[in-house]
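Generate coordinates for the entire structure from the input sequences, incorporating the hints supplied.
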Amino acid sequence: MALITYRDALNQALREELRRDPTVFLMGEEVGVYQGAYKVSKGLLQEFGPQRIVDTPITEEGFAGVGVGAAMAGLRPIIEMMTWNFSLVAIDQIVNGAAKMLYMSGGQFKIPMVFRGPGGAAHQLAAQHSQSLEAWYASVPGLKVVAPSTPYDAKGLLKSAIRDDDPVIFMEGETLYGSKGEVPDEEYTIPLGVTDVKRRGTDVTVVAWSKMVTVALKAAETLAAEGISCEVIDPRTLRPLDDGPILESVRKTNRCVILEEGWPYAGVSAQIAYQVQQGAFGDLDAPIARVTGLDVPMPYAKNLEHMVMPSPARLIAAVREVLYLD
Amino acid sequence: MTTLAIPEHVSRQLAATPKAQLVDMLYQMLLGRRYEEKCAEMYALQKIGGFCHLYIGQEAVAIGALSTLRPDDLIITAYREHVHALVKGCDPGRVMAELFGRRDGVSRGKGGSMHLFDKEKGMLGGHGIVGGHIPLATGTAFAAKYQQKEYVTLCFFGEAAVNIGTFHESLNMAALWKLPVVYIVENNRFGMGTAIERSSAIYDVAQRACAYDMASETVDGMDVLAVRDVIGRAVDLARRESQPTLIEARCYRFMGHSMSDPVHGHYRTKEEVEGHKQQDPIKQYFEHLKAAGLATQALLEELDQKARAVTEQAVQFAEASPEPSADELYQDVYAEPYGPFTRSEQ
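Heads up: the protein sequence lines correspond to chains S and R, in order. For any residue, its number in my numbering is found by taking its place in the first sequence, counting from 1, and adding 1431. For any residue, its number in my numbering is found by taking its place in the second sequence, counting from 1, and adding 603.
Accuracy of the hints is not assured; some may be wrong.
Unchecked claim - One-sided and incomplete, this derived list gives chain R residues near chain S with beta-carbon spacing under 8 angstroms: (1) Ser-802; (2) Val-936; (3) Pro-940.
As the list claims (entries may be wrong) - Just some of the chain S residues that point at chain R, by a computed CB distance under 10 angstroms: (4) Glu-1447; (5) Arg-1450; (6) Leu-1475; (7) Glu-1478; (8) Glu-1492; (9) Val-1497; (10) Ala-1502; (11) Met-1503; (12) Gly-1505; (13) Met-1532; (14) Leu-1533; (15) His-1560; (16) Gly-1573; (17) Asp-1596.
Stated by the list, open to error - Okay, derived cross-link-like pairs now, DSBU-like style, lysine-lysine, Cα gap no bigger than 30 angstroms in a straight line: (18) R/Lys-650 to S/Lys-1590; (19) S/Lys-1541 to R/Lys-724; (20) R/Lys-724 to R/Lys-748; (21) R/Lys-748 to S/Lys-1590; (22) R/Lys-781 to S/Lys-1541; (23) R/Lys-886 to R/Lys-622; (24) S/Lys-1541 to R/Lys-722; (25) R/Lys-748 to S/Lys-1470.
Hints listed in this document are in silico derivations from the structure and should not be mistaken for laboratory results. Think of the CB as a built atom: it goes at the ideal place given N, C-alpha and C, for glycine as much as any other residue.
Quick look at the structure:
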């Protein structure tokens, strides 16, 4: 095992898959000469050359579509969005192109490709650069959506995403790139659509993904000191959602809080809450609670931004609420 | 009686093209015409649903362009694509079955009129969002270069699509990266009901290639041999030098934008449409062949009968094909088996 950053774990996944399969290529803004806007593609141009590590103009819709076309012609493109915010100008290619091609061609054209890049808020980047768009993509049949929280998950899931025969939306946490974790020295993959338990507990089930897992684990630590035991569950893949372990946990704890960085309205947490009440209604001792980003565009001012972001304090309050402690 | 001078491209193409192919092109044009007329009939009978955009009047573009291709070349088109699919080799019965929404359709009844796909024949759709497919063609051309394969991609779209971002993004990348693709603007003068003069700041669409330092040509899209001549050069350039070209083929649709639209009305007059019908591409081509001694009225009638018979057989095939079964509903959403989204939805 080695202690490496989330960024390096992603870099290893890309490198290993590029070595493994000559049809895999990486395309996007600044992925080559610049070594990646967030250095995820560092060193790849030097190893694989400009044919496979392709710098593009700033033309997200164009190169997203180039990826879909290349996939139709038998390649396995990895399309980097410098951030997911910029994917909104490419969403026609992702939703009308990548997601639907297999279906509307009657099964003839698989689209084995990955759209990847950082999502979520960082620090004071304001409204257009601080969005968590997983709910947008997770609502589309034909897409798979992955949002890993640790270096171990990031590497294993990205490798699986690249090998997957469907288009995968791979959302990295912008503020997770520098976070460290143990990653095995030997090769491994993690299948898409398998939920993971990040912390065992007995009193309340907390569902979180991507960097919200960090918030959940912090809150769980604080609550443990008060004698409250949280089970932190990370679905890792938001579509397809492996809700079995979530339901199993709720059947044990009888309480559920779902944490989501994105907006509350029609969020992924709303979908999970629906599935939990549908599958474990009789086991619930309290209404399901959600802690989400607030329902506003992200403000720039530091104090306001802190108010918008889900925090351990807000999660703790929600946990206490479902335990009827306040 | 006056004798018109034969244009140079006509004599060149008539001399260079095998007679069988010249005759086959006439047949393809007739098939396209009869097939689309039948589609209009089937639409009126509600055998075909949804949006249905007919190609009548524009046949010279698809037939001329596709006559220059090898079987391994690819085409990607917008939604007025029934004839492109037939000419690329899709089975007429399976295309009609698709229009009918039947299981034996080329897209298994999941695509319909706007989404005809046939991987084996190099028909990559059939796309419904104006301009949305242009980057896909750029992508298949990227893949050809990446894999060091010699196939060329032809990308067809209307003149209205040149005002959307994907057109410019694609031409920029194709020129920057020297990709083997030919972008063919079928300029039928109207984006639905908006004339090009009311939508484009410049009239000469081909000039837009200048912005990307890309080769371009304008061609009479009602003249199948002119189209063949010009696209042939562009395909050569793509195959031999991996260079893209923008072709503007000036044509005219004799029908409304879709089956829901009138042939003429607020945006164009009946006289205008009738005037263009005098330039019917099939008649023009037949006259060229006849003048060169390559076709007779009897041959024309024979080919027309064959086109009508093939169309009729296509309808019979489609009629006989079953509707897709309910268990196909969730098929091909993903590459692996997939069912209703959650357990609780079942």
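Here is what the structure says about each hint:
| no. | hint | in the structure |
| --- | --- | --- |
| 1 | Ser-802 | violated (20 angstroms) |
| 2 | Val-936 | holds (5 angstroms) |
| 3 | Pro-940 | violated (12 angstroms) |
| 4 | Glu-1447 | violated (20 angstroms) |
| 5 | Arg-1450 | violated (17 angstroms) |
| 6 | Leu-1475 | violated (16 angstroms) |
| 7 | Glu-1478 | violated (17 angstroms) |
| 8 | Glu-1492 | holds (6 angstroms) |
| 9 | Val-1497 | holds (4 angstroms) |
| 10 | Ala-1502 | holds (8 angstroms) |
| 11 | Met-1503 | holds (6 angstroms) |
| 12 | Gly-1505 | holds (7 angstroms) |
| 13 | Met-1532 | holds (8 angstroms) |
| 14 | Leu-1533 | holds (5 angstroms) |
| 15 | His-1560 | violated (21 angstroms) |
| 16 | Gly-1573 | holds (6 angstroms) |
| 17 | Asp-1596 | holds (4 angstroms) |
| 18 | R/Lys-650 to S/Lys-1590 | violated (47 angstroms) |
| 19 | S/Lys-1541 to R/Lys-724 | holds (16 angstroms) |
| 20 | R/Lys-724 to R/Lys-748 | holds (20 angstroms) |
| 21 | R/Lys-748 to S/Lys-1590 | holds (25 angstroms) |
| 22 | R/Lys-781 to S/Lys-1541 | holds (26 angstroms) |
| 23 | R/Lys-886 to R/Lys-622 | holds (18 angstroms) |
| 24 | S/Lys-1541 to R/Lys-722 | holds (11 angstroms) |
| 25 | R/Lys-748 to S/Lys-1470 | holds (27 angstroms) |
Violated hints, in rising order: 1, 3, 4, 5, 6, 7, 15, 18; the structure is consistent with all others.
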